[in-house]
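J.: Okay, here's what each chain looks like letter by letter:
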Amino acid sequence: MDQPSRIFLLFAAASIAALPARGEDAVMGPGGPAPTVRGKLYQVSRRWEVGFAFTTALNDSLVDQYGGLLSISYHPNEWMDVGVDLLANRTSLSGLSGQIRSNLPSRANPGTGQPNTGDEMEGADQMRGGALAMARFAPIYGKLSLAAELPVHFQAYLLAGAGGAAFRHESVNLCGAPGDGACAPGDYQSATSLKPIGELGAGMRVYLGQRWSLRAELRGFFYPATVLRGADLTQPGTGTSASYLGTFTTLVLGASALF
Amino acid sequence: MRLLLAGLLIAPVALAQSDREVQRVHVVEERPFSEANRFELTLFGQGQLNPRYTVHAGVGLELSYHLRENLAALIAVSYNPIAHQSALTEELAANVDQQPVAASALLLQADALAGLELMPIYGKISVFDGKVLRLGLYLNAGLGAAKTRLQLRPSDAVGGRSFGDTGFRPEAALGIGLRVFAGDRMTVRLEVRDRVYSAYVSKVNGCTAQDAGVIRRNGTAATGLTPGCSASSFGGSEEEIKSGAGSAAIQLGDPSSSVINNIAFQGGVSWLF
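Just so you know, the sequences run in chain order A and B. The opening position of the first sequence corresponds to residue 42 in my numbering, with each subsequent residue numbered one higher. The opening position of the second sequence corresponds to residue 2 in my numbering, with each subsequent residue numbered one higher.
Heads up, some of the hints might be wrong.
Stated by the list, open to error - In silico negatives: residues of chain A with every beta carbon more than 10 Å from chain B:
1) Thr96
2) Gly183
3) Ala207
4) Pro226
5) Leu235
Claimed, not checked - Straight line, CA to CA, 25 Å or less: simulated SDA-like cross-link-like pairs of lysine to any residue:
6) B:Lys148 - B:Leu42
7) A:Lys184 - B:Val181
8) B:Lys132 - A:Leu269
9) B:Lys148 - B:Ala111
10) A:Lys184 - B:Ala111
11) B:Lys132 - A:Ala296
12) B:Lys132 - A:Leu199
13) B:Lys132 - A:Met121
14) B:Lys125 - A:Ala207
15) A:Lys184 - B:Lys148
Because the hints were derived from the structure by calculation, they are not lab data. Small disclaimer: the values here were computed from a predicted structure and weren't measured. Backbone N, C-alpha and C fix where the C-beta goes; we use that ideal spot for every residue, glycine too.
Modelling step: build the complete structure from the supplied sequences, incorporating the hints.
T.: So, in structure tokens, the structure goes:
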């Protein structure tokens, strides 16, 4: 009996080794065990992604923020993509801020006429728009079976980014006009500024097909913020500026297209 | 022998060719293990997601019995060592002499629940195309009781924060979560649970607004208090008692009721046995 060549044996051994790996995928079907395909049904490597999403700020007690997010990114591999985020928000002070303003304490002592002092409320910054460089890291790919018939493929990811944003700051409790009377609506201290901003987030992408997917994300933004401490309530521009880390959380819901 | 080796060579190719056809076949995969008829003990860490007037963080313990693959009965307890007014609430008091009504700022110190869990959706995840883990998406609901309290003094007061007991309230909870099976005995759970409890505040430390007002003026010398109300429950020193009772008198002076949604994120590890 002829002896098989060494290369032939090596190749045969590799083929045998491959069989148990496929055996792990064995499934029980109507016709008995059958092999299935394991792996990512939807591949994103070396593809561009363009996404649009609606955003709403959560946990921002003094401010309402709604807006849009345009994301453009490139996937060099299956696990990450890098790109830019462009944000635009419609912002205003919340109903709670209105309630606070309607019950503000008097700006001067009614008995003595002496001006009262006070600190400015934190958390009243409104982010109008921004641009951030962003990276997403997506180590988890999964599949859910809805009603045992509809497979839903998804990817979970973390993201981080940094950039700049335009802010409008409108004080909730410091009046923009001198005097000791009640502050008129629209007459509160305000300013606009451009500030560095960072973001951290987590999200999930649900694939609708090779091109389209739906995205849901939670993003936390942080930026350097300031308020006035010990301000003379009758004189705008008084008090000392104090810094703190401003934060807000945003829910992002949208869709993406891969090219 | 050569025929056998040739067959082995052809086998992977033949399998690959048949893959496209197999994708169209309805298949049912045998599950590697079952959680039916097993207990599951879970230790959670939890933090409030909607902290407008209050901040909560703590731990929870849940014992479930899986009646079927997708149905379990559960009992759960949680305790929040961090349960106090938010920075916004304290800032409102300090900067603009305002505060939320007592019912809106009622704190959840601990709770106990009994309920059911349904896990209708199963799936798999792979991490870096490596190990494949099973997961389940579940919903749960329960009824129970909440132990509540009210903050009387802010963090910057002399002696720090102080609290008054406001008793037990009925509670209901709804949750949605993800269970990732790290093996046949251990799972990792991520869940968002909304605890809904009634918040009618009429007494603090067993004292009515009138009682609190009397204690505010007279301290430990207060007399004619409602049975169950004691001045000493507001603090150790005369100053603490008067300031605590004063805060309670103000918060009880405007009777309030509400239904509070305390939405918390819970992350935990389970042991199946």
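J.: Which hints from the list above does the structure break, by number from lowest to highest?
T.: 2, 8, 10, 11, 14 and 15
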